[in-house]
Amino acid sequence: TKDDENVNSQPFMRWRDRFLFVAEALYKAQAETGEIKGHYLNVTAGTYEELLKRAHCARELGVPIVMHDYLTGGFTANTSLAHYCRDNGLLLHIHRAMHAVIDRQKNHGMHFRVLAKALRMSGGDHIHAGTVVGKLEGERDVTLGFVDLLRDDYIEKDRSRGIYFTQDWVSMPGVLPVASGGIHVWHMPALTEIFGDDSVLQFGGGTLGHPWGNAPGAVANRVALEACVKA
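Residue numbers (full-length UniProt numbering): 1 to 231.
Heads up, a few of these hints could be off.
Unchecked claim - Quick list of the computed label-pair ranges, beta carbon to beta carbon: (1) D152 with R14: 35 to 45 Å; (2) N107 with A25: 40 to 50 Å; (3) G34 with G204: 23 to 33 Å; (4) G34 with D198: 23 to 33 Å; (5) G204 with D152: 21 to 31 Å.
As the list claims (entries may be wrong) - 35 Å max Cα-Cα, derived DSBU-like pairs, lysine-lysine: (6) K117 with K2; (7) K2 with K230; (8) K230 with K157; (9) K157 with K117; (10) K53 with K28; (11) K117 with K106; (12) K2 with K37; (13) K117 with K37; (14) K53 with K117; (15) K157 with K106; (16) K37 with K53; (17) K117 with K230; (18) K53 with K2; (19) K28 with K2; (20) K2 with K106; (21) K37 with K230; (22) K230 with K28.
The hints are simulated quantities; they were obtained by calculation from the structure and are not laboratory data. Ideal placement from N, C-alpha and C gives every residue a C-beta, glycine not left out.
Full structure from sequences and hints, please.
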């Protein structure tokens, strides 16, 4: 599960209270299932000092993953957070909130491909990268072009996919693409075919909107994913 990218520390939901409630729920779920559970705690803040305070609190609570809005938080803050997470055994989920202000217009701003490559250089474990299907659609070939730029070590030039020169990342760590936004269980065959096993699939409304409720929604997603992967 995850915080919304807009959830920060508003008066109706202060960050420390949210972190404590989430940690309690995680440990309860782990005890009931015998599986490791995680929740992306949004540590994005107005200053790096405040961001680090929140990340440190998450680590002390034993939560395995935190989240950062890298465009609103800034690249230097993101790089510092990435180093902190790497040194302290935390996964770092990256949200691209605000990207559409920069990349939506085809004749203005910069393409998300550039923002994705910048994120790989800055640091992070996975980042939202479009879905091809669902709400946040993107052109398939172009989307898979920057997906490969995120997770592969060596990518050949292919202008049809928006890769205008050969990219050799040498030893720079890759970033897993995240498909999220308007996807649900019926999209599962397409998502696993498009993105493969090395990806993250997030179902928010696609879980909560199940006609039988939240838990059946989660079960449906998991069963469908395991079936598609094994198939």
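Results for each hint:
As the Cβ distance of D152 to R14 is approximately 41 Å, the hint placing it in 35 to 45 Å holds. At about 46 Å, the beta-carbon gap between N107 and A25 stays in the expected band of 40 to 50 Å. Roughly 25 Å separates the CB atoms of G34 and G204, a value that falls within the hinted 23 to 33 Å. Our hint of 23 to 33 Å for G34 and D198 holds, since their Cβ atoms are close to 25 Å apart.
The supplied range of 21 to 31 Å is met by G204 and D152, whose beta-carbon atoms lie about 28 Å from each other. As the CA atoms of K117 and K2 are separated by approximately 24 Å, the hinted pair is consistent with the 35 Å bound. With a CA separation close to 26 Å, the supplied pair K2 and K230 stays within the 35 Å bound. A distance of roughly 32 Å separates the Cα atoms of K230 and K157; the hinted pair therefore holds under the 35 Å criterion.
Among the hinted pairs, K157 with K117 is consistent with the structure: their alpha-carbon atoms are about 15 Å apart, no more than 35 Å. For a cut-off of 35 Å, the pair hint linking K53 to K28 stands: about 25 Å separates their Cα positions. Proximity of K117 to K106 is assessed by CA-CA distance (about 18 Å); at most 35 Å being required, the pair is judged to hold. As the CA atoms of K2 and K37 are separated by approximately 11 Å, the hinted pair is consistent with the 35 Å bound.
The hinted pair formed by K117 and K37 meets the criterion: a straight-line CA distance of about 29 Å does not exceed 35 Å. Using a Cα cut-off of 35 Å, the hinted pair K53 and K117 holds, with the two alpha carbons roughly 28 Å apart. In summary, the hint linking K157 to K106 is supported, as the alpha carbons are separated by about 21 Å, within the 35 Å threshold. With a CA separation close to 22 Å, the supplied pair K37 and K53 stays within the 35 Å bound.
Among the hinted pairs, K117 with K230 is consistent with the structure: their alpha-carbon atoms are about 31 Å apart, no more than 35 Å. Between K53 and K2, the direct Cα distance comes to roughly 19 Å. Compliance with the 35 Å bound is thereby established for this hinted pair. With a C-alpha separation of about 16 Å, the suggested pairing of K28 with K2 holds against the 35 Å cut-off. Simply put, K2 and K106 have alpha-carbon atoms about 31 Å apart, close enough for the 35 Å limit, and the pair holds.
Using a Cα cut-off of 35 Å, the hinted pair K37 and K230 holds, with the two alpha carbons roughly 22 Å apart. With a CA separation close to 29 Å, the supplied pair K230 and K28 stays within the 35 Å bound.
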